[in-house]
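Asks: Each chain is listed here by its residues.
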Amino acid sequence: MAEDWRSYEPLLIPDIPNLHEIDVYEENGGYQALRNILDNREGKWTRNNVTNEVKAANIRGRGGAGFNAGLKWSFMPDPDDRPRYLACNGDESEPGTFKDRNIFEFNPHLFIEGALIAAYAMTIDTIYVYIRGEYIDWVNIFEEAVEEAYEKGYLGNDILGSGIDIDLHTTYGAGAYICGEETGMLESLEGKRGYPRIKPPFPAQKGLWGNPTTINNIETLANVPLVINNGAEWYQSIGAEGHNGPVLYGISGHVNKPGVYEYPAGMPVMDLINEVAGGIRGGKDLKALIPGGTSTPVLRADQLEGVSMDSNSLREAGSMMGTAGMVVMDEDTDMVDLLWRISHFFHHESCGQCTPCREGTGWLEKVLLKIKNGDGEIKDLDMLLDLTTQMEGRTICALADAAAWPVRHTINRFRDEFEARCKKSVHAVA
Amino acid sequence: MAEQDYSFTQEELDEIERLKAKFPTDKAATLRVLWVAQEKYGHVEPEVQQLVAETLDISPAHVHGVATFYTQYYKEEMGKFVLDVCTCLSCQLCGGYEILHHLEDELGIKAGETTEDGMFSIQSVECLGACGYAPMLQVTNGVYANNLTKEKVDKLIENLRNGNMPEFESMVMRQNEKRKKAVSE
Chain A
435 MAEDWRSYEP
445 LLIPDIPNLH
455 EIDVYEENGG
465 YQALRNILDN
475 REGKWTRNNV
485 TNEVKAANIR
495 GRGGAGFNAG
505 LKWSFMPDPD
515 DRPRYLACNG
525 DESEPGTFKD
535 RNIFEFNPHL
545 FIEGALIAAY
555 AMTIDTIYVY
565 IRGEYIDWVN
575 IFEEAVEEAY
585 EKGYLGNDIL
595 GSGIDIDLHT
605 TYGAGAYICG
615 EETGMLESLE
625 GKRGYPRIKP
635 PFPAQKGLWG
645 NPTTINNIET
655 LANVPLVINN
665 GAEWYQSIGA
675 EGHNGPVLYG
685 ISGHVNKPGV
695 YEYPAGMPVM
705 DLINEVAGGI
715 RGGKDLKALI
725 PGGTSTPVLR
735 ADQLEGVSMD
745 SNSLREAGSM
755 MGTAGMVVMD
765 EDTDMVDLLW
775 RISHFFHHES
785 CGQCTPCREG
795 TGWLEKVLLK
805 IKNGDGEIKD
815 LDMLLDLTTQ
825 MEGRTICALA
835 DAAAWPVRHT
845 INRFRDEFEA
855 RCKKSVHAVA
Chain B
4 MAEQDYSFTQ
14 EELDEIERLK
24 AKFPTDKAAT
34 LRVLWVAQEK
44 YGHVEPEVQQ
54 LVAETLDISP
64 AHVHGVATFY
74 TQYYKEEMGK
84 FVLDVCTCLS
94 CQLCGGYEIL
104 HHLEDELGIK
114 AGETTEDGMF
124 SIQSVECLGA
134 CGYAPMLQVT
144 NGVYANNLTK
154 EKVDKLIENL
164 RNGNMPEFES
174 MVMRQNEKRK
184 KAVSE
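Residue numbers (our numbering), protein chains in the order written: chain A, 435 to 864; chain B, 4 to 188.
Among the clues, some could well be false.
Said to hold, decoys possible - No more than 25 Å apart at the CA atoms, straight line, and that leaves these computed lysine-lysine pairs for DSS-like:
no.: 1; chain 1: B; residue 1: Lys184; chain 2: B; residue 2: Lys155
no.: 2; chain 1: B; residue 1: Lys78; chain 2: A; residue 2: Lys626
no.: 3; chain 1: B; residue 1: Lys25; chain 2: A; residue 2: Lys640
no.: 4; chain 1: A; residue 1: Lys626; chain 2: B; residue 2: Lys184
no.: 5; chain 1: B; residue 1: Lys23; chain 2: A; residue 2: Lys804
no.: 6; chain 1: A; residue 1: Lys691; chain 2: B; residue 2: Lys184
no.: 7; chain 1: B; residue 1: Lys153; chain 2: A; residue 2: Lys691
no.: 8; chain 1: A; residue 1: Lys800; chain 2: B; residue 2: Lys113
no.: 9; chain 1: A; residue 1: Lys691; chain 2: B; residue 2: Lys183
no.: 10; chain 1: A; residue 1: Lys691; chain 2: B; residue 2: Lys181
no.: 11; chain 1: B; residue 1: Lys183; chain 2: A; residue 2: Lys626
no.: 12; chain 1: A; residue 1: Lys691; chain 2: B; residue 2: Lys30
no.: 13; chain 1: B; residue 1: Lys30; chain 2: A; residue 2: Lys640
no.: 14; chain 1: A; residue 1: Lys586; chain 2: B; residue 2: Lys25
Said to hold, decoys possible - Short derived list, chain B residues pointing at chain A, Cβ under 8 Å:
no.: 15; residue: Ala31
no.: 16; residue: Leu37
no.: 17; residue: Tyr73
no.: 18; residue: Gln95
no.: 19; residue: Gly98
no.: 20; residue: Ala137
no.: 21; residue: Arg177
no.: 22; residue: Lys181
Stated by the list, open to error - If you want a taste of the chain B side facing chain A, the calculated C-beta under 8 Å gives, among others:
no.: 23; residue: Tyr9
no.: 24; residue: Ala133
no.: 25; residue: Val146
Think of the hints as simulated: they come from the structure by calculation, not from any bench.
These numbers come from a predicted model, not from an experiment.
Idealized CB from N, CA, C, for every residue including glycine.
When you get a sec, could you build the whole thing from the sequences and use the hints?
Replies: Here you go:
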């Protein structure tokens, strides 16, 4: 990653007052990518060309999975007489993640423009934007932007005289982490409990109401107009090898200046913690980092040297990029307490469809509570580790994996701390 | 308590029609109509679920399934103000439990309970997506109160008792100096 991040100017959320207003957005080049595409749809910007450009840019999905967005678009079958949908995931419930709300609040039109370009590329005429229910204030802010876009003719019938019709409907949930899982979100959009679906069939084949559907994260789609305006090559020049573009880093926990920051992918982790976020509170030492939301494995401070925030570097270090929601922990952090609370979260949020998850998350929490309260034994730690292998990969969706990984990695990487909490008599025997 | 007649006004029914129009099936509007009902009655007890089912012409079992799946629907009557204190991950690290326990002490109830005068309920909740502004809480599924201290919580309680809801707080990125200035002006 380039060392010049200090001179980086934000692209997703640039420092322009009132950019959420459509006039201001337009004055600053907004909706030019869409106009350009619609004007040249017989030439440079055919639907396929748009998809190919986005694919070449390799926008890694910002919702956590890191999948190439353009490649995902290319999975949509050719249009037939069925309706086709774009479902935009603004559920943002992964603990440590609080970035997409910034797009809704500060640059909603960039996202709307990206969603429109995606809909054009995939011949989609209906966009759903699903936002978590707790974000009701941001739902209302975003709906104002949508209304403006309708008034200006960017949404609705015959968009900018192109003869293309695209509608955008905003809706929201009512409190359920699992609705951030893409098929759980589809179920919720259909007005049901957010039970994830078995794949295959994948949403591109059978999504909303059984019709072809593509699901993208909000930040992912906000990257699309940048790619169209500047080209895939330019996009590839930002960030790290194999992980490009701007990233909204959410930094929280024991730092002096927590918040959301926009920098290129591949930022040096220690620069983010020490310079961007102002270092550890109270002059304390760094103990650990969860790099991309609760389900990404925790890294000890000594594992962070030379690590950068991109998928390759984090994989080598033993973790994942996830949502780039970085949770920083100082030297006083009680890892047993922390892991118990994480397990409580997953137990609470398990939808209950699959036995390994429904029961497994419950046992993880129960046993960790026992250890936290000083009643645990060494053998409980090994049972927990065994339990994680019995949950992983055995369920419909990845929630069981997301619950298992923190337990496995936190125990393995802080084993001494967990053993010290176990009963002393048993400790001696073991 | 006398038996209550649960029904939507014409205005609410018009709003429900508008919500139904977003989706190709009426069932898809279940979450949104439950919200309309909760807005009106303050909870979605079984009688309210029945009203939602009848309004959408779908099975009460479906509505019950949805109402009980999502945490933001109140399955019973709650206090006038529901204080959802986040204690998850970043909030745990930054004192979310201290805030929760302080509230419990101040209001004389535990998380999950409602004060006798019906003013306040407290809940310990999962991540609300405000991790950089921890500890924080949400008031009755609405506004977020960020960067809490015990003093700020006391002030919030006093304000709520006087009927003053906190205002929406815009958390501008620290990089956005100009925007920050514009917001503060």
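Asks: Now tell me, hint by hint, if it's right for this structure.
Replies: Going down the list of hints, with the structure as the test:
no., hint, result
1, B:Lys184 - B:Lys155, "24 Å, holds"
2, B:Lys78 - A:Lys626, "17 Å, holds"
3, B:Lys25 - A:Lys640, "20 Å, holds"
4, A:Lys626 - B:Lys184, "43 Å, violated"
5, B:Lys23 - A:Lys804, "48 Å, violated"
6, A:Lys691 - B:Lys184, "18 Å, holds"
7, B:Lys153 - A:Lys691, "20 Å, holds"
8, A:Lys800 - B:Lys113, "21 Å, holds"
9, A:Lys691 - B:Lys183, "15 Å, holds"
10, A:Lys691 - B:Lys181, "18 Å, holds"
11, B:Lys183 - A:Lys626, "40 Å, violated"
12, A:Lys691 - B:Lys30, "45 Å, violated"
13, B:Lys30 - A:Lys640, "18 Å, holds"
14, A:Lys586 - B:Lys25, "20 Å, holds"
15, Ala31, "4 Å, holds"
16, Leu37, "7 Å, holds"
17, Tyr73, "4 Å, holds"
18, Gln95, "5 Å, holds"
19, Gly98, "11 Å, violated"
20, Ala137, "6 Å, holds"
21, Arg177, "5 Å, holds"
22, Lys181, "5 Å, holds"
23, Tyr9, "19 Å, violated"
24, Ala133, "6 Å, holds"
25, Val146, "7 Å, holds"
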